[in-house]
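Number of protein chains: 4
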Amino acid sequence: MVRIAILGQGLVATHLAVGLERIKSGELEPIGVPLDRFEYEIPVGRLEIVGSFDVDPRKVGKTLYQVAQDMLGGQLPVPRSLEAVRVERGIHAGSVKGLIPGARGLDEELGMEEAVEKVADRLQHLKPDVVINVITTEKAEPFETVGSVRERVSKGLVSASQAYALAVLRYAEREARRVALVNAIPAPLANDPAIVSMYESAESLVLGDDGATGATPLTADLLEHLAERNRRVLSIAQFNIGGNLDFLALTLPEKNLMKEKTKSSVVRDILGYDVPHFIKPTGYLEPLGDKKFVAMHIAWKTFNGLEDELVVNMRINDSPALAGLLVDLARISYSLLERGYKGTVYEVNAFFMKNPGPKEASNMARITAFHNLVKLLQGLGALNTGINGGQP
Amino acid sequence: MVRIAILGQGLVATHLAVGLERIKSGELEPIGVPLDRFEYEIPVGRLEIVGSFDVDPRKVGKTLYQVAQDMLGGQLPVPRSLEAVRVERGIHAGSVKGLIPGARGLDEELGMEEAVEKVADRLQHLKPDVVINVITTEKAEPFETVGSVRERVSKGLVSASQAYALAVLRYAEREARRVALVNAIPAPLANDPAIVSMYESAESLVLGDDGATGATPLTADLLEHLAERNRRVLSIAQFNIGGNLDFLALTLPEKNLMKEKTKSSVVRDILGYDVPHFIKPTGYLEPLGDKKFVAMHIAWKTFNGLEDELVVNMRINDSPALAGLLVDLARISYSLLERGYKGTVYEVNAFFMKNPGPKEASNMARITAFHNLVKLLQGLGALNTGINGGQP
Amino acid sequence: MVRIAILGQGLVATHLAVGLERIKSGELEPIGVPLDRFEYEIPVGRLEIVGSFDVDPRKVGKTLYQVAQDMLGGQLPVPRSLEAVRVERGIHAGSVKGLIPGARGLDEELGMEEAVEKVADRLQHLKPDVVINVITTEKAEPFETVGSVRERVSKGLVSASQAYALAVLRYAEREARRVALVNAIPAPLANDPAIVSMYESAESLVLGDDGATGATPLTADLLEHLAERNRRVLSIAQFNIGGNLDFLALTLPEKNLMKEKTKSSVVRDILGYDVPHFIKPTGYLEPLGDKKFVAMHIAWKTFNGLEDELVVNMRINDSPALAGLLVDLARISYSLLERGYKGTVYEVNAFFMKNPGPKEASNMARITAFHNLVKLLQGLGALNTGINGGQP
Amino acid sequence: MVRIAILGQGLVATHLAVGLERIKSGELEPIGVPLDRFEYEIPVGRLEIVGSFDVDPRKVGKTLYQVAQDMLGGQLPVPRSLEAVRVERGIHAGSVKGLIPGARGLDEELGMEEAVEKVADRLQHLKPDVVINVITTEKAEPFETVGSVRERVSKGLVSASQAYALAVLRYAEREARRVALVNAIPAPLANDPAIVSMYESAESLVLGDDGATGATPLTADLLEHLAERNRRVLSIAQFNIGGNLDFLALTLPEKNLMKEKTKSSVVRDILGYDVPHFIKPTGYLEPLGDKKFVAMHIAWKTFNGLEDELVVNMRINDSPALAGLLVDLARISYSLLERGYKGTVYEVNAFFMKNPGPKEASNMARITAFHNLVKLLQGLGALNTGINGGQP
Ligand SMILES: NC(=O)c1ccc[n+]([C@@H]2O[C@H](COP(=O)([O-])OP(=O)(O)OC[C@H]3O[C@@H](n4cnc5c(N)ncnc54)[C@H](O)[C@@H]3O)[C@@H](O)[C@H]2O)c1
Ligand SMILES: NC(=O)c1ccc[n+]([C@@H]2O[C@H](COP(=O)([O-])OP(=O)(O)OC[C@H]3O[C@@H](n4cnc5c(N)ncnc54)[C@H](O)[C@@H]3O)[C@@H](O)[C@H]2O)c1
Ligand SMILES: NC(=O)c1ccc[n+]([C@@H]2O[C@H](COP(=O)([O-])OP(=O)(O)OC[C@H]3O[C@@H](n4cnc5c(N)ncnc54)[C@H](O)[C@@H]3O)[C@@H](O)[C@H]2O)c1
Ligand SMILES: NC(=O)c1ccc[n+]([C@@H]2O[C@H](COP(=O)([O-])OP(=O)(O)OC[C@H]3O[C@@H](n4cnc5c(N)ncnc54)[C@H](O)[C@@H]3O)[C@@H](O)[C@H]2O)c1
Ligand SMILES: [Mg+2]
Ligand SMILES: [Mg+2]
Ligand SMILES: [Mg+2]
Ligand SMILES: [Mg+2]
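Residue numbers (the UniProt record's numbering), protein chains in the order written: chain A, 1 to 392; chain B, 1 to 392; chain C, 1 to 392; chain D, 1 to 392.
Treat the hints as calculated values from the structure; they're not laboratory data.
It cannot be assumed that every hint is accurate.
Each pair may be met inside one copy or between any two copies, as identical chains are not told apart.
To be verified - With a Cα cut of at most 27 Å, we get these calculated DSSO-like pairs of lysine-lysine: (1) 155 <-> 118; (2) 24 <-> 301; (3) 62 <-> 97; (4) 261 <-> 127.
Just chain A, with the same shape it has in the complex (with noise of 0.2 Å):
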């Protein structure tokens, strides 16, 4: 079993746990979930969830089942084995201040040390191999240096995907065994020096940040088509709409600011020139639910210099794509702690992250970042991919 700690018991953790519940019991196939059209070392039945923290007071309290029901009831069946978790107050950083009206943190009662040493308390008690963070997005510094963490917990001044980061590493301090966080959110965790040293001292895995899901890999492979014919882009305006909590948040100006930073520096990396760009979640509109709209407009010059132009529309569900990538995410980190990986894996984080940690390293074309994690895998022995080694 790969036992999995949720933070965050939003639409993504949500659909990631119906999904996982309805894919065990046969009823449905492991589509979007990446590596399944190959052979994984640990199959997704071996998935279980045996945690989940948040601090929505409609939620907090509340078994997933409930928490899925009020979430999804009118769209997907509920498994009822979801009854089995129920959801614990977490650490709040004020997340979600001016959001979720009531929403309240261990840190509001214990301060923030405490709070951090209540989450291990509780994570030694689940023992999770792998700790997925999906709470809202936030603004967060990163610590950059090792020697401020303490000081900025002491003063509060850490968000909160930080303070469970630490509470992460207390838990494998304590219990003195790897454990693997997995970052989905923009918040720089894997892309902060820091966390990461301090991670690899524990012979843990910090994977992140931001999971890669909608218009920003695919405009990667777009680029990457372009720049492969050496076409000249000129522009590249993305619009994104949709009517989750998720966009609601992004509204927020600081939050909106975190989430254009992942967005936009996947068009430099790629192209290697800069290109005058639009890439924002532009707004909220709350009929197109977790179903949002996203129009991107791209115009470059061609041969005997001749202007070209490619328009895409899409209409996606936005939270199950990050579920989706969030079970491979949780089977590839145990692998890679069996295997003594430590601090992050450029290689995973390449394929699954729109800001790929470590800090320095760049974004990449999605198809070619596949290839590469395909291969580092398939060098472990956890993959097997058929004949065709993996060669679509």
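Take the given structure of chain A and dock chains B, C and D with the ligands to it, following the hints.
Quick look at chains B, C and D with the ligands alone, frame taken from chain A:
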């Protein structure tokens, strides 16, 4: 110098001729030439068009300058240096019957066997290293076996492309020199085992078939993008409409069928399963000219059984896109010939062609194909991608 | 009660039957029924389907409930009340030859003349006020003159729609009552002077032809939008692809041609000049089902000679759109019959039909047509649009 | 002659100036001028630009020819006849603070009261019949009551548009002549009861506000299209991005808000109910220049409760579209003044403006508005639409 002869002085060939001269004079950057973002052993400036064949009475006998003025004069500056080459009469084999009034070939005068010899004579005079086939799309039955060739020729049962392929061979044999034929149209040459084996025997090269520009390679990359995330594609619709002679030709059902075949093969090859699809050059609309309109719809299942969809719309200059690829195909052919390659070379075809030969070979994601191509050329010492090893 | 008989119990007819019952039971709002945002003298609840004719062996003999369960059961709740009506055998006239295996009509047993009388018998029994034609698109040559009718029938040279039109007339004559035939398919009935004059003599009504849903009326409004700003339209491309039986039928060239005609007429009628265009039902793609995909490209010249362009992409449920219009067409027909209208009525056709009869009439912007329709019905006292007089 | 003075010699005004001269010289057809498909009592050739005001130091003092060369020279032929008019310094009122370095107005030298008188002096000299306001979008608080005007001016609490509106009035009073002010920007003039009543007293006209080009009138017609079929709109998203100074200005939040207001009002006015929507000028992307990119997504419920959706993408030349409308607005203003119209005229505003004055008036479908406009002008004997009475 790499000496190039053209078959079919249409839009593609004319963009190639004009673009090459403009690049040489420094007036134009070699945008749209894939390898030009790296350093290639043969600079673009070393390519030269030395001859051209056509059957359109409005072109035969004119200089490339006159032809280019007629076709592109309103849109682009046409270099005077194109006065040096004059279009000669080629082999018709009925390729534009019903399309171009008054079209006539050497075969109509001399019979097919003589016509082939006559073209070989002319090639001996022009001394091309590379011959590029960009005549109008035509129906062609592959020879399949070398044994059947002579009889088919004597009965006149060959398409124009096949006749040219044989003339190029005759030229190679007579001169005892290596020649490359680049087939950018759907007629199966690099996919015809008989042709490939004859070229192999003559130490010559045939690359093809059907240049991969426009919607097809983009579709390949989009499908690869979905496949890597293990999304289950449900349906693919792709429409193409344009106003150039090529689109007009494709309103003739048998020509359309040739194109549909090379366009559709991509789906199964990349996804690994069949998907209902509609992928065709769809229509002719004169005012669009060479800037075609493409619309594409792809639907798939994502994690947790939900459905996503993607729409792509493009306005792209059809012919310059292929012209840019031909620049690289010409110089790659030259490099390969020099290093003793013969028959056909899948690594080249896989990136540049819609229906990459040899016959049994299949399509792959273009991005993968590109990396394989780069690796081959680096291995040969022909390509220098700089410090980052060709990784964008 | 307005009593309705159906010809062709396909997707459109079944959406009509299911939707009507759901509206009556209060489970569904009458969205998609144009006049329902005002007050109409006949509420939707007063419409009733009393009979249905088809030739598909999988439908004939079954109740509407069974048919609806088969077609829509997975998607919508099917009301039990539909058990009251059973599908009867109609006239085939070869309309689905090659499309529906085993299709058979009364004409194949009794000959065409007898078959027409037999259907008239059944109508005398069912006593409909309105008969709605929604059989598969079929090729039909208009009679043009009343004199030619008898001979064409005796020789069996009539299409199914024409045979039904005659059966409805026979029923009207025998009962000496007024009846309305609503022709929602492209076969020319309201555009056939012979049919219109026969209906006029029988004090009856024929409305048609080809229900205006989907891309065509939208195109009409977009073109009107451009015309009002005096922009010069340069080209129009419109693709339609779907996965229902109707799209499958349109892959047969002669059926496609019938549809193309009614779709294309809109361009000249609205702009007042000809524009190169490509407007066709383009293909069949089974997984799209009844939710078709439409792509449209329109380019025009604006002030100062510059060029603009517009792309429209739609996913629309094809059949419910027509079903919603049929609700209004049925009750408008009834109101018009009551007030002595006969022959055909352009003001109604102009809004509801792609090819509005009578023959010599042309298309107009739908918004204009709508205002004319509203004015007509207000004048009759049938429609009450509230204080603002129907002005939105 | 209809004498025209310009406020704000930007892209719109320059397209107007260049286009008018090109039409007069016969080099250009009056495409994009709505009434030009009919016969209007004042031909386009009778319009003449006699003066122009700006505050940009790169424009003030230059001839229209020089300004047009700088702005459009690379794209269009600029007529020499534009040398006859020179740009003069206008009133700044801070309208481009932070946008145009070095911008300076008469008010900065003379104070606001004097500056207004100075502009009135200049207008007495230029003798325009119509003054057109196309300065940069600016924030403006309506006066609401005539009583508040004097105080606001003396305190300098007026926007540039308001100051110009007062200068035009002073000119009208001093000369005791009727003048028309056409306000094509979002600042509320025709929607300000105080301004309208002052113009009424001066027997003059103010038309406005905010010229209806681009996505807004198209959205109006699309919504009317849906409303007429009684489809229930669920959500509307509309993105606009461009690279001209106007888009740059709209990245300043307070200017953006002015635009969003006039853009959003359309939804409720046309549908008759509120719908969640996101309609905003979204961003600035320099390489797009004046040819903006628009993306729109509309979802609705159709008959039987199913959901449809529509996506519109456009590339449109922003400024020429408004310039074409201004041609008609100028000559209509003249005709109305001649016939004694004063204050504002809703029938004109309703078609040409995004936020049609007077204040209490609402939006309507443009097609309806167009027919009302045509009727008004026919009634006045100003417009002759030919035999078919303006019905397309
Ligand atoms: N495709 C995707 O959906 C996608 C892609 C990349 C990244 N992400 C990121 O994943 C995260 C989750 O997305 P979502 O759609 O599930 O959002 P969501 O808003 O539905 O869920 C977030 C959950 O986190 C909880 N939360 C907030 N602060 C918390 C805290 N301090 N401690 C514990 N719980 C907390 C909230 O109460 C909520 O239940 C977001 O940050 C988003 O940016 C999502
Ligand atoms: N992006 C692209 O344009 C693209 C991509 C893939 C393949 N192709 C293929 O390239 C070819 C050329 O495209 P194009 O746009 O230049 O078309 P084109 O119609 O403009 O040019 C074809 C030219 O070939 C000439 N020709 C026809 N039959 C001939 C013969 N038997 N001998 C000599 N000349 C002959 C014609 O007279 C014409 O000048 C087409 O077959 C097309 O399918 C083009
Ligand atoms: N939005 C729309 O769906 C739309 C718009 C305009 C016109 N139409 C027309 O409406 C018609 C029905 O569309 P649909 O989607 O329901 O198609 P469908 O194929 O689902 O239904 C047609 C039905 O007619 C039956 N039929 C065929 N020939 C018959 C005959 N001779 N007698 C009796 N029944 C016969 C078939 O068995 C089938 O049940 C088509 O002709 C279509 O072109 C549809
Ligand atoms: N389709 C359209 O372009 C469109 C549609 C509706 C409304 N508008 C409005 O029309 C106006 C003009 O658009 P544009 O594209 O020409 O913009 P622009 O920025 O190119 O031109 C504005 C001009 O006004 C000048 N200006 C600014 N403040 C001034 C002042 N106080 N006095 C005199 N001149 C001043 C600027 O220097 C500039 O030359 C904008 O307000 C825009 O919102 C444009
Ligand atoms: Mg999400
Ligand atoms: Mg071409
Ligand atoms: Mg249908
Ligand atoms: Mg503008």
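| Going back to the hint list, which numbers does this structure go against? | 4
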